[in-house]
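Each residue of the sequence shown is one higher than the one before, counting from 19 in my numbering.
If you are wondering where the hints come from, they were derived from the structure by calculation, not from laboratory data. As the structure is a prediction and not an experimental result, all values here were calculated from the model. Check the hints yourself; a few may be wrong.
[Stated by the list, open to error] Restraint ranges, calculated between C-beta atoms of paired labels, are given here:
no.	residue 1	residue 2	range
1	His-165	Pro-203	23 to 33 Å
2	Pro-339	Tyr-160	40 to 50 Å
3	His-165	Asp-207	17 to 27 Å
4	Asp-294	Asp-270	31 to 41 Å
5	Ile-196	Ala-262	32 to 42 Å
6	Ala-314	Lys-350	24 to 34 Å
From the three backbone atoms N, C-alpha and C, an ideal C-beta is built for every residue, glycine too.
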Amino acid sequence: TDSKARRPADDGPVDCDGSAWLRQNHPVQQSVPLPLLPAASAPDSATIRCHHVEFDSFVPDSAVQIGANYDSDEASSWKLARQALLKSLDKLLCRLVNGSKTYFSDDDDASLEPDLTGLMTEAEMKPADWGRVILLDDNFYYASMRHAVFQLARHYSCGFGTVYLKASLAQLKLVNSIRDKPVPPAVIDRMWERLEAPNPERNPWEKFVCLFGQSDLGFLDSAGHYSDSSVNGRLHSLIRDCLANPFEPPADPELAAKQAAEAREVCSMSLLHQADLRLRAIVSDWLATQSESEKAKLGKLAATNKRAVMSALTSGKLKVPAPLNSFSPDKKDALDKFLMENFSLPTAN
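Please take these sequences and the hints and turn them into a complete structure.
This is how it looks when you write it as structure tokens:
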């Protein structure tokens, strides 16, 4: 992207005015992820600070040219440059929220990562009563690219949203033709064919998305901005929704797995204990109706059948109905019914 047209002259943070930062810099339909950091109190539109990160500015031109051929070996430098930028963003977010652990490991050479701390002043790096929006300006034409940003936002309990700029291939090529460094048409064609538009129904993490089509945006003005004033209101609405609904980080995988295993074991032991007690009671009640001469023999046969049922329950060969997985006293009749369907009492001679 031409750096001369990508933002206002002031390179510092700007108030969140859509016309000041929503613009068609890229020659393909564009998905713009927004990690949003909650304010100390609920912010209004006047207290939202936006910080612009243009990916192309941090990726070598040679890598940008082959970026559309994402699955090729030649795209490795492009992928590495993007990954380094995400790691730098990770460290910036960690500092902003006073986090103790970054999302990515620190094993790699940090010298390869661009420095994003210049996006904000020292005062802006501290907790404040304004919401902060980090605008990641790039095509993000694969859903996996956007999901990588979402994972960062979720790790730091930030909001996450996407602005999706949709235009025709002809319009995109026209915009590309007036750039200082136009992208080869073949690259545009490849990216157009491979674009994975935001899909909230398939990807719940993309539930906050704002779609702009050609009819919404009108024409670019002389500064390269969209002139439609309705853009601002829709962007502010998206940002407010995202700030009000930050994503929660997932539980520690190892801890969650351990807790789940312990819960299953407790439920399992409770069910097995109750099943053993109920089978004992069933056998005892049945034996009480048998003749004294048959009780000893029938008792041994019944005990053998009971052990077979308990063994099947313990090994999992005998599947328990879902409602009985968590046993409670009110489920005794249902447990008795299930046991009698799988346990046979011996027949007296």
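>> Of the numbered hints stated earlier in the document, which are not met by this structure?
In response: When the structure is compared with the hints, none of them turns out to be violated.
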